[in-house]
Amino acid sequence: MHELSLLENVRDILEEHAVTQNFSKVTQVTLEIGKLSCVEPEALRFGFDVVMKDSLAENATLLISELDGLGLCQQCHREMQMKTLYEPCIHCGHAFVRITQGAEMKVKDLVVI
Amino acid sequence: MCGICGCSQTNQTTKLKPVVKQNQHLLTSAHGHAGHAHDHHENERLIQVEQNLLNKNNSYAAQNRAYFKQHQIFTLNLVSSPGAGKTTLLVETIKRLKDRFPITVIEGDQQTERDADRIRATGVQALQINTGRACHLDAHGIGHAIRELDVKDHSLLAIENVGNLVCPSSFDLGEALKVVVLSVTEGDDKPIKYPDMFHAADLMLLNKTDLLPYVDFDVEQCIRYARQVNPDIEIIKLSSTKGDNFSTWTDWLTERLSALP
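Protein sequences appear in the order of chains E and B.
The first sequence: position 72 = 71 (numbering that gives the first Met the number 0), numbered continuously.
The second sequence: position 201 = 200 (numbering that gives the first Met the number 0), numbered continuously.
By construction, these hints were calculated from the structure, which means they are not laboratory data.
Because the structure is a prediction, the values reported are computed rather than measured.
For glycine and all other residues, C-beta sits at the position ideal for the given N, C-alpha and C.
Hints are not guaranteed to be accurate.
What the hints assert, rightly or not - With a straight-line Cα cutoff of 27 Å, these simulated BS3-like cross-link-like pairs (lysine-lysine) come out:
#1 E:LYS82 - B:LYS192
#2 B:LYS97 - B:LYS68
#3 B:LYS55 - B:LYS68
#4 E:LYS34 - B:LYS97
#5 B:LYS192 - B:LYS97
#6 B:LYS94 - B:LYS192
#7 B:LYS55 - E:LYS34
#8 E:LYS52 - B:LYS55
#9 B:LYS68 - B:LYS192
#10 E:LYS105 - B:LYS94
#11 E:LYS107 - B:LYS55
#12 E:LYS82 - E:LYS34
#13 B:LYS151 - E:LYS105
Claimed, not checked - These stretches of chain E come out as covered by chain B in the derived footprint (C-beta under 8 Å, 3 or more residues):
#14 1 to 7
#15 12 to 23
Turn these sequences into a full structure, and let the hints guide you.
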């Protein structure tokens, strides 16, 4: 359900760009979704056709580019792969690792006519 | 059209005539053409967007935050699973603090006015937002609510979000702090099962502690889990119905409300 709200935001973004960039139809939408964002790509795929129905992106193809989680330890300043939001540093054990990649959820690009 | 944000307050979808499905071509370099052919529409073009899905919500949240700052309104976003005791906590908080500070409440639920009615029974102003099928409040709805309500300067605004430990964590409302309420009847591993919410929260209220003798809930383990996902989270243990340690919470609030310039 949260994914449906996000898809409505996608639709709003498309409609705003349709006005500023002068297009009337979207044939492909690429989303960039970080693996640490609380968004489930499958739920986006499931809801996409429903939310885009009767809009300028009806029947558009949805591509989802998933980004791995990366973090930077705030103590030893080394980078590490992150599977979840809250892992301690694998190098020094420090509890606070700042997420540097993986929280993204954005519209990357569109193919339009 | 709404004079505040320009929204129509109805379905904002631009209804365009449905079009016949075209053969879709993928213009990104990530997509190879090996093994299958595409029909290219001659007018197709690729547009870079690079726009966060939450941009719109975040810009409304920034407007709300600026409004709260200008009017010195201390705003809390209360989140929890359904039944953790947010409304009872608020009712008891209002009873103890309403003579010292003006308090306003925004209630979020999918349906009914029941929670707002409970708050109004204490004599303070409350507005109910029914989110319908949505599972969270958003900053746009809060922007409308604060203009409908007469929120006093130098006051407390408590926003009780929809009972849900998942979705509300993504939607900034413009609040000063996020407070997650966890009751001891829910299980001590909630912080690691729903880490996004506990990661986003500033304060955890561990509620219904009067029931600890009757449930299998390890308080220290729960606190360890909460700190594992959020080393900076503040934690207060209390019982809203029995009043145990409730003054620690009201003191916490009073300290912040008294600090408003």
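For each hint, the structure was consulted:
A C-alpha spacing of about 14 Å is found between E:LYS82 and B:LYS192, which places the hinted pair at or below 27 Å, so the restraint holds. This hinted pair checks out: B:LYS97 and B:LYS68 have alpha carbons roughly 21 Å apart, not beyond 27 Å. Of the supplied pair hints, the one linking B:LYS55 and B:LYS68 holds, its CA atoms being roughly 20 Å apart against a limit of 27 Å. Using a Cα cut-off of 27 Å, the hinted pair E:LYS34 and B:LYS97 is violated, with the two alpha carbons roughly 44 Å apart.
Annotation: proposed proximity of B:LYS192 to B:LYS97 is violated, straight-line Cα distance about 36 Å (limit 27 Å). For a cut-off of 27 Å, the pair hint linking B:LYS94 to B:LYS192 is broken: about 33 Å separates their Cα positions. For the suggested pair B:LYS55 and E:LYS34, the alpha carbons sit about 22 Å apart, so the restraint of at most 27 Å is met. For the hint pairing E:LYS52 with B:LYS55, the CA-to-CA distance comes to about 21 Å; that is within 27 Å, so the pair holds.
At roughly 34 Å between alpha-carbon atoms, B:LYS68 and B:LYS192 are farther apart than 27 Å, so this suggested pair is violated. Note on E:LYS105 and B:LYS94: the hinted pairing is violated, with a Cα-Cα distance of about 44 Å set against a maximum of 27 Å. Distance check on the hinted pair: E:LYS107 and B:LYS55 sit about 16 Å apart at the alpha-carbon level, within 27 Å; holds. In summary, the hint linking E:LYS82 to E:LYS34 is supported, as the alpha carbons are separated by about 8 Å, within the 27 Å threshold.
Among the hinted pairs, B:LYS151 with E:LYS105 is inconsistent with the structure: their alpha-carbon atoms are about 37 Å apart, more than 27 Å. For the region 1 to 7 of chain E, the proposed coverage by chain B is satisfied: 4 residues have a C-beta within less than 8 Å of a C-beta in that chain, meeting the threshold of three. Restraint check on the region 12 to 23 of chain E versus chain B: 7 residues with Cβ-Cβ distances below 8 Å, three needed, restraint holds.
The structure is inconsistent with the numbered hints 4, 5, 6, 9, 10 and 13, although it conforms to all the rest.
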